[in-house]
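Below are the chains, spelled out letter by letter.
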Amino acid sequence: MAELKPRLRAFLEVMVYSLAGSVPVAAFFILAFFPGYVPFSITETGTILILTPLIVGVLFGFMLSECDLRSVAAGTLVIVISSSVLVTAFIMSPILAGVASAAPAVAPGEVLEIYIAQRILLFVVLSFPVLLLGAVVGRALSERVVPSEELRRELEQLRRETKEWHELLERRAELQRQDARSARKEEPGLEPKK
Amino acid sequence: MNRVRALLLTAYLVLVIVGGVIYVQSVSNMVLYTEADQRFPSSLYANEVRIPRYVGDKVYSINCNFSFENPARVSIRLRAFSFEIAIDSGAPGNPYDDVRLASERIGEAAESLGDAGPLIDPGGKLIRSYAMRVPADDSPLMNHLNANGNYIVILYGLAVSYGYSGTALLRQFWPGIITVEVAPVG
Chain A
47 MAELKPRLRA
57 FLEVMVYSLA
67 GSVPVAAFFI
77 LAFFPGYVPF
87 SITETGTILI
97 LTPLIVGVLF
107 GFMLSECDLR
117 SVAAGTLVIV
127 ISSSVLVTAF
137 IMSPILAGVA
147 SAAPAVAPGE
157 VLEIYIAQRI
167 LLFVVLSFPV
177 LLLGAVVGRA
187 LSERVVPSEE
197 LRRELEQLRR
207 ETKEWHELLE
217 RRAELQRQDA
227 RSARKEEPGL
237 EPKK
Chain V
60 MNRVRALLLT
70 AYLVLVIVGG
80 VIYVQSVSNM
90 VLYTEADQRF
100 PSSLYANEVR
110 IPRYVGDKVY
120 SINCNFSFEN
130 PARVSIRLRA
140 FSFEIAIDSG
150 APGNPYDDVR
160 LASERIGEAA
170 ESLGDAGPLI
180 DPGGKLIRSY
190 AMRVPADDSP
200 LMNHLNANGN
210 YIVILYGLAV
220 SYGYSGTALL
230 RQFWPGIITV
240 EVAPVG
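Those sequence lines, one after another, are chains A and V.
The working numbering puts the first residue of the first sequence at 47, with every later residue one more than the last.
The working numbering puts the first residue of the second sequence at 60, with every later residue one more than the last.
Keep in mind that a hint or two might mislead.
To be verified - Simulated DEER-style distance windows between Cβ atoms: (1) V:Ile76 - A:Glu189: 24 to 32 Å; (2) A:Leu201 - V:Ala70: 20 to 28 Å; (3) A:Arg198 - V:Gln84: 40 to 48 Å.
Said to hold, decoys possible - If the Cβ cut is set under 8 Å, some of the chain A residues that face chain V in the computed set are: (4) Val84; (5) Pro85; (6) Val102; (7) Phe136.
Said to hold, decoys possible - Which bits of chain A does chain V cover? Going by a derived footprint, with three or more residues having C-beta under 8 Å, they are: (8) 72-80; (9) 221-229.
In case anyone wonders, no lab produced these hints; they're calculated from the structure.
Think of the CB as a built atom: it goes at the ideal place given N, C-alpha and C, for glycine as much as any other residue.
Put together the whole structure using the sequences plus the hints.
Now the structure itself:
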């Protein structure tokens, strides 16, 4: 149970940061691809599409400085999946709200599903690699800039142990020197001739 | 928690909040625009426009469905009259030409049938819905539909979508009026 708690805490931390991170990723994708619905318009679509996952990924990696790299990678996967759900919910919101019904033109259920699938696929292809890159970079930087508690503890312990070793070695060296001196005094053959 | 970590956490939270606001507003706009049919050219659901038809006191609706990929593949169901309608938005080619041609055609057709009211701006940039008022069931338009069952009409501010190579996945909607051919079901 005692072992489970930190693991559960780490899991929840990854999930919370991932789900929170999926919101801006989905929102900025919508901002870039569906400009007719957003409160303001942008011209740099490509920049938004690349920069947003990168920034979110770097910050996400920084936030998870206490988790291992596998958790960070899994977290980016969660971000991409939950963002895809948010984008799908956005596209289907008129249907979900009951103001429109899916009315396919070619075959029943085809057009809208293909349309959504295309967008989601594009979203995953564009955002996942950048997000993952950002997260790994952020995680790597975090070890330098904001080392985790565990790492700090380990470093401090290492420093303490090293210091103790040095002190121990010095003490031993001192003792050896003392022993050598006393041995020279006690050994008659070694006494200087007058 | 050290200062750098607190700063980064704040930045992350700001990003999440900004994203949340954008997302909620986008979803809200999506629903509202679709419901109000006010922004056909930017509406994903422009393929499903409900144009109220006023015939006397009755309000009919027309559901217009068309493919996002190919505006020529349009099918329209005119529920009130049980017509299946196939759309020809013009010959493939320049979308501007298509829209202009289509709008000219329907403009002439509507004019010949005695319908009043602007159908499309000269530049083909009409971005508003247009509900045509038909005075009664025996109006020229309705008579024409009923008698011939193979022609014309309707559709105002309907969006036509065109994909572009290179940015084909980015969809741009062009406003346009589409001529339709009406054929009775069965």
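Evaluated hints:
1. Take V:Ile76 and A:Glu189: their Cβ atoms lie about 28 Å apart, and the range 24 to 32 Å holds.
2. Range check, A:Leu201 to V:Ala70: about 26 Å between beta-carbon atoms, so the 20 to 28 Å window is met.
3. Evaluation of the 40 to 48 Å hint for A:Arg198 and V:Gln84 yields a pass: the beta carbon distance comes to about 42 Å.
4. Hint status for A:Val84 relative to chain V: holds, with the closest Cβ pair at about 5 Å, below 8 Å.
5. The restraint placing A:Pro85 at the interface with chain V holds, with a minimum CB-CB distance near 5 Å, inside the 8 Å limit.
6. A distance limit of 8 Å between C-beta atoms decides the matter here; for A:Val102 the minimum to chain V is near 6 Å, and the interface restraint holds.
7. Taken as an interface hint, A:Phe136 checks out: its beta carbon lies about 5 Å from the nearest beta carbon of chain V, inside 8 Å.
8. Counting residues of the region 72-80 of chain A whose CB lies closer than 8 Å to any CB of chain V gives 7, which reaches the minimum of 3, so the coverage claim holds.
9. A count of 0 residues in the region 221-229 of chain A with a Cβ less than 8 Å from any Cβ of chain V is obtained; the coverage claim is therefore unmet, three being the minimum.
In this structure, only the earlier hint numbered 9 is contradicted, and the remaining ones agree with it.
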